[in-house]
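K.L.:
Put chain B on the given structure of chain A with help from the hints.
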Amino acid sequence: MLEIRNLKKSFGSTVAVESLDLTLGEGEVLGLLGPNGAGKTTTVSMITGLVHPDSGSVSIRGEGSPSSPSIRRHIGVAPQTLAIYEELTGRENVEFFGRLQGLRGKSLTERARQTLETVGLLDRAKDRAGKYSGGMKRRLNLAIALIHDPPCLILDEPTAGVDPQSRNVILELIESLRRDGRSVLYTTHYMEEAQRICDRVAILDHGRLLAQGTLGELVDGHGGRDRLTVVRPGGDVEQIETDEPLTALETMREKGPLERFQLDRPNLETVFLNLTGRQLRD
Amino acid sequence: MNETFALAAKDLRLLLRDKVGFFFTFGFPLVFAIFFGTIFGSEGETSAIAIAVVDEDGTPASEAFLADLSEGPELDPVIYPSREAAIETVRRGSKTAFVILPEGFGKSVESVWRQTDEGGLVFGIDPSRRAEAGLIEGLLTSIAYRRLQDVFQNPDRMVEQVDESLADLKANQGQLGMTGPLLTHFLGELKTFMTELPGSGGDGGFAFQPIPIRRDDVVLERLFPKNAFEVSFPQGAIWAVLGCAAAFGISLVVERTRGTLIRLRTAPIRRHQILLGKALACFATTLAAQLVLLILAVAIFDVRPNSYLLLGAAIVSSAIAFVGIMMFLSVLGKTEQSAGGIGWAVLMVLAMIGGGMIPSFVMPTWMASVSQASPVFWSIRSMEGAIWRGFSATEMLVPCGILIGVGALFFFLGSRLFRWEEA
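Here the protein sequences come in this chain order: A and B. Going by the working numbering, the final residue of the first sequence carries number 282, and the count climbs one at a time with no gaps. Going by the working numbering, the final residue of the second sequence carries number 1423, and the count climbs one at a time with no gaps.
Isolated chain A (complex conformation) (with noise of 0.2 Å):
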């Protein structure tokens, strides 16, 4: 679906993005995981077509770079930025974008309707945006990418700054999404979505792709081994690093009487910080 290969983009004496190798698959999810100022937007404004890459390509399809309108007809993106008009109605906001996207007549009014419904904003499609919550603005931001039906979805943090309710319903939107077929590509740097809903996770840091893969692939490969915490009787606290943790567990218990104990999983959070040294969201 989309194919990006050695993908370089500068700003000055500033590297963006730094010969940047992904593909995404028809169906699949791909996270762009990486901290502020990683390179994700610049990654998703080279690929939308709203940037020039200095080197490298990217194509939609097989068909093209997203420089030609054509094939930008093949993608829905939802910015990071609210990029809706609160001064229309939500419907005028769905219906205003479809028209750009040459949806015409009862098609467009339908297939409002339809959007609309999926996010979860039918009930309030005469109200103005403007009166909307943070979540359900970004609901709205959501509902004009997908008015055209797209097969490619680009969605630059779509969850930023919204309650738990709203970014619940957004996770289960791009779930229902990947089931339908629909190839995502999504930017975030929340952990815990990326390994919800991603079928596979590049991490960017500083304008480099670090590591990708799936969730599995990546702890085996970056995360490190697990860490079993055990308390005794008394208050002492032990800490061990293993493969093994039943085994080890079993080992802590031969010793002596054990009160509780912990297990810690490697995760997203432990694959970054081994790969940078630093935490996800410093």
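Note that these hints are calculated values from the structure, not bench results. Since this is a predicted model, take the numbers as computed values, not measurements. In this text, a Cβ means the ideal position worked out from N, Cα and C, and glycines have one as well. Any given hint could be a false lead.
[Said to hold, decoys possible] Selected chain B positions facing chain A (Cβ under 10 Å, derived; list incomplete):
1) Glu1003
2) Lys1010
3) Ser1082
4) Arg1083
5) Thr1260
6) Leu1261
7) Thr1394
P.N.:
Coordinates of chain B only, in the frame set by chain A:
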């Protein structure tokens, strides 16, 4: 093209939802046109010059002079009790000038054959008000001549004047030399003539007038506004145009700062369609605002364009010019505040020098020349040309051509300089 219309329709809808923007596009120019049209007088009236008058003579002649002074529309005389009070009120600026009719004025103003230093009219004014000084002096002289005319038209008073003059001549015989006997002879003959004149004893005299003047009313081709609204409404239309240019110039920056430009650019449309959509919305609004204003001007304020066709050409040309300027303004600021500030600063200067605030025909000569550098001047000129200057189609080519050229140039510059990418 459908996408371009969709973009334009969206901007028009946004304008309608923005009450403040809508007011400054449609409401403010109307208020401007009505306000200034009313102030400058819908019937072309000018206010009378206020003067302070003191009658120290108190004779029927001085009272008649005062009555004549009040009769015309040019002066608004107010009687003051003393010379000092009249001078003080002029010094403070409450009145433009003072006129004193001193003791002996009545005798002096009706004296036909004698020259006397006594009773001369005293007139004072601020030296900086030369135009008013000339006008007032001319009016005073004219009224004084009218008093003389009255004397000439009344044979009995004329005979009195001749008798008084003969008495003076007799008293000053030695000083006049050879002219004394000649004047005595002439006045004697004149007295005989006036006494035997048919209708003597009443108003049967002859009118004295240095030169006969006949006034004919001639129907001229209109080269002046019929009323003040024919001046104020083109100016109001300009403010509508400026309001549109400012609002839409900012709206492109707003699209960028609020992120919707990203959305537009990722849509399957070309960049020029985005700019054309904005230009089309600005053009339609500018046209509509001018049309609404001029329709009201015709329907309610008695504005009667010489040519509706040429007026149409004028407002279309103005719209084209300011759509181009709007596009150029949109690249001058990075934020909404800076774009708005720079935009209005530029437009205000264009309006000030171009006759958007005060009509160019009342500007000093040098200022009127400078004003031609502003498209506002050509915009007003084209509208006035169609309304009251009586421009032919050929004459309209100059202002309309300049406006279209300005629009094309600035649209090109603006679209070339527009920053599509953000670092």
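K.L.:
What are the numbers of the hints the structure violates, in ascending order?
P.N.:
Result: hints 3, 4 and 7 break, sorted rising.
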